[in-house]
Structure formats: structure tokens, C-alpha cells
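Asks: The lines below spell out each chain.
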Amino acid sequence: MAFLSLKNLEKRYGALVVTDGFSLDVDQGEILGILGPNGAGKTTLFNLITGTVKPDGGAIEFAGDDISGLDAASRCQQGISRSFQVPHPFVGMSVFENVLVGSTFGRQSHGPEEQALRVLELTGLKQKSNVLAGSLSLLERKRLEMARALATAPELLLLDEIAGGLTDSECKSLLAAIQDVHDSGVTIIWIEHVVHALLSVATRLVVVDFGRTIADGKPADVMQDEQVKSVYLGVDEDV
Amino acid sequence: MHHSITRSTSESRIAAVMAIILVAALAAAPWWGSTAELRLIGEFMIYLSLASLWNLLAGYAGLISVGQQAYVGFGGYMLFTCAIYLGLNPLLAIPVAGVLGALVSIPVAFLVFRLNGAYFAIGTWVVAEVFRLGFAQISSLGGGSGTSLPIKVMKAMAGSKWMREAMIFETALLLGIGTVLAIYLLLRSRIGIGLTAIRDSQIASASLGVRVERIKLVTYVAVAGMTAMVGALIFITKLRITPDAAFSVNEWTAFVIFIVVIGGIGTIEGPIIGTIVFFVLREYMADLGSVYLMILGAMAIAIMLVAPKGIWGYVRERFNLSFFPVGYRVKLDTEKALKPTDTPGGT
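Residue numbers (my numbering), protein chains in the order written: chain A, -12 to 226; chain B, -6 to 340.
Since the hints were derived computationally from the structure, they do not count as laboratory data.
Treat the numbers as computed from the prediction; the structure is a model and nothing was measured.
Accuracy of the hints is not assured; some may be wrong.
[What the hints assert, rightly or not] Computed footprint of chain B on chain A; a stretch qualifies when at least three of its residues, placed anywhere within it, have a C-beta under 8 Å from a C-beta of chain B: (1) 27 to 33; (2) 65 to 71; (3) 112 to 125.
Cβ atoms here follow ideal geometry from the backbone N, Cα and C, with glycine treated the same way.
With the hints as constraints, model all of the structure from the sequences given.
Replies: As C-alpha cells, this is what we get:
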């Protein structure tokens, strides 16, 4: 049985159909990469999985339970956590306090302060602990997004475009951190435009467009797919 | 672990000592102050309490209510009901009014929580108007023209005038200081971390497991109960209640919003500073009549333009001060900090 199962999800904003009958199964232990052009519905997919928005139809099962009716906070406590593509830091709180919110209210709540410090170390933000999140640079904000998500002790981690704009060495350390998190038993779904970063860790690749899956499989095979090539033809890849 | 986490600052420890001395001096005011001074300090405490409560509601939980006069008036009317018809000592009726205020806020919350933003604000105001019109219909409480607290009720509280004034003053002090202290302790607690997170981003809070709606509801109900207690106290000092005075949007909400906005919303210090500014202005300018209100309005606009986070927000950013530290400071291992590998990569 799949760890996460999306069944015929539908989402519309007025007349705009974002996803129409979208289905996807994710197995435990995967690093699933999701590619797709802008407006393909990738972030909407994350919003649906985490309960940030409600679907107009379909069901979501996680670890064998139907979680369609749960709100975002409950899904987080069930073990689903995410980073936001556009960071939403708690600007008036320090970096440590930002992460502490996750470790206090997430899945594990014993020793939240130690948990927060551990995560800050893993994500390389420890020296910024006392800095107000509002004064962080965009890259640091993205890193903080991942740190807060990790602090909730997720079983399923959703990462939404966190590699853009990194230098090679920063990207390497990010990939190492993601690999560490994966090795500790966390299943990961990662939306990313930086294809080479995604390909270096993904165990499976899904390409979506207009809310539909157009390719699904081993990363190397998917990248050879003719339809994938045509979708990406003419789309600027910011390298 | 090489780190320790502190939750106080050097200025906060100094401020705590000074605050204890100040509160002790104020508590002795009945022995050194005149009746007029006791009234002024008592009124200061009432506004301090209302402003701190509104700040918790609007500045942290994001619930911009312009209908808190519903609970001030409700508390006042509950006090009159308990004292006149149940023969309760007015001071004991204050906590009763608080509990009743909290209870009545639950059905109100189910109504107004269906609304968001500006609609929520207007909804709370409408509810307060419904309260006002409702109490104006109760003829046993004087209907539209209101009622007075009988002398015998006040005499039953305490025999001498000085004793009554002292008891009312100490109650006001307890409510004012108690509200600030309670909010400080709340914000340092687990719920407080959640509330502060909600202040900055509700969507991110929810995705990190914070039960945003539940915390907002609990805050709304607790603030309503506390506001009703303050309302009960207000109408002990006034001895007379009418629907218009009890549910005045001007006195119990507009002034309170002014205090919080100029002092600094979303901080504990802001309402304290705002209340001081408000009382200083009032003492020197209240004689100007409606010009005084125009000055208040102009000042609010000026502060919004120059320092949108209020006086305290401006001072805090300049000098990095915190007299009520609700946050955490991680003591970093300086030796480790020197290692280049440990510095974050955000260059």
C-alpha cells in the first residue's frame, strides 16, 4: 500500500481548473522529484497534500488513513510537513524561535528546544539563532523554511523550490542535508526547477503539466521522454 | 549540549526590580494619595488593562475587534444585576461578571468567527450594538435611561468612604498589573509561542501544527472574560450605568485602539507606553473639548506615518530593548563560532 495516495484530486479557482482528477501514489522512502512548467499546478498540489487549501473533489490517504477531512495543523501532527515556495518567516521572532514553533507544535513535542537546536545545526543556521527572521536574506529564509519543516519531525517532507539561486557549494551542502534527512527515514517530495540538483538525489521523477501527470518513472528514463522534452522546449531553464 | 538558552535580558531584570518597587509604591497609594489621585491611577489601570487585552486580541491573535465595548458593558450590567438583585458584594461580583462575560462570548465567537478581516471588525461592532439595544429593553435595569447602584450596596462593601475608595483602587491596581503580568506569562508559555507565530503568519503557523482557530477562540473568550471584569470595575467607580455609557464604542474601544496603535501593537510594552501618552495628553488637553479629539486623531496619523510600529516598535528597533522578554536567546559557543565551517552559507 502506498504511503501517500492522492485519488482523483480536483481543484478549481473559479473557472480556472488547476487539477482535474489528479492521482499519484508515493511509497515510503522515496525522494520523489516533481518537474513541470510554471502554472502546472505543482504548488497547488502541495497545498492540497498539506491541507492549506481544500480540494473540490477526490481523497488523500496518508499511512493508510484518509486525511482528506483534516486541517493543516492536524496533518502536520500526523507527520506531513512542508516548506513554502515564497517563504513565510515569523518576521518578529528569532531564527531559533521560528524553528521552536515547529518543534513545539509538530509531531514530537518532548524536548522542543533541543530538537530546534539539532535542526539548526543540520541546516547550518545555528550561528543565526538569535537573528530576527525578518532580517534574513532570501536564501536564508528558504533555509529557514526547511529548518522549521524539519523541526516538526515529519515522516513526509514536501520541499517547494529551495535550490534556486544557490552557488555550487551551497547547493552541495543543501543536497547533503536532504540526503541526511532522507537517510533518517523521511520520505521526500521535492518540487524544483534546478533540474540537476533534483536529479542528483531523486529516486523517482514525475512531470506534471496543467494538473496532469505526463511522465512518471526513473529520473533518467523520464528525462528521455519525448513528451517531457516538448513540454520543456522553449521554457527557459535558469542555470 | 554546548548551548544554553536564556529567556531574560539585563534590562529586563532591572525593569522587573523597578516594576516591583513601583507597584509596591502604588499599592500604598491610599495612604499617600488624594481621592483625585486614586481615581486617576485607578482609571489609568483600567485603560492599561483594556489596552493590553485588545492588543492580545488584535496584535497577536489577529482579531481586530471594534466591539469590545460589548464585554465592558455586559460586565457592568452583570455587576449591577449581581449587586442589586443577588445582594452580592460588588467586588465579589467582578469575577462573577468575568465568568459570565467569557460564557456569553462563546456563542458570539461562533457568529463573528465566520467573518474575516474588516468583516470581522464590523461584525463585532454590530454585536456590541445588539447588546446595547438588548440591555436598553430590560426595564428592571432601568431600560434606556439606566440605573444607579444603591447607597446601601456600596455601604455593604465597606463602612467608611476611605475604605471603599481604597478597596476599589486596589482592585483596579490588581486588574491593571494582573492583566499585564498574565499576558506576559501567557506569551512566555507554549500557547504564547503559538500566538506570536500566528501574529506573524497564520498560514505558516497552521502548517507547523499550531491549531490557529482553537488558539484564537481561547484568546477571544479569555479576553472577553477579562474585559467584562474591567467593565464591572468601571461601573463600580461610576455608580451609574446606562446603555449608551456601558456600550460606548468611543470610550471603550476607540481610545483603546488609539493607545495600542501609538504605543506599539503586538508588543507588551506598547499598551503601557500608549496608556501613559494617552493620560498625559488627556490631563493637559481634555479642556480643549473636541479640539482634543482632533489632536488625538492627528497624532495617531502622524505616528502611523513616521513609526508604523508605534512608539515602542520604533524604540525597540533603535536600541534593541526588551523589558518583557518573551523570547529565547541561544548562547552560542564562541569557540565553535570562529570555525568557518560552522557559519551559514548565505553569503
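Asks: Decide, hint by hint, whether the structure agrees.
Replies: Right, here's what the structure says about each hint:
{"no.": "1", "hint": "27 to 33", "verdict": "violated (count 0)"}
{"no.": "2", "hint": "65 to 71", "verdict": "holds (count 3)"}
{"no.": "3", "hint": "112 to 125", "verdict": "holds (count 8)"}
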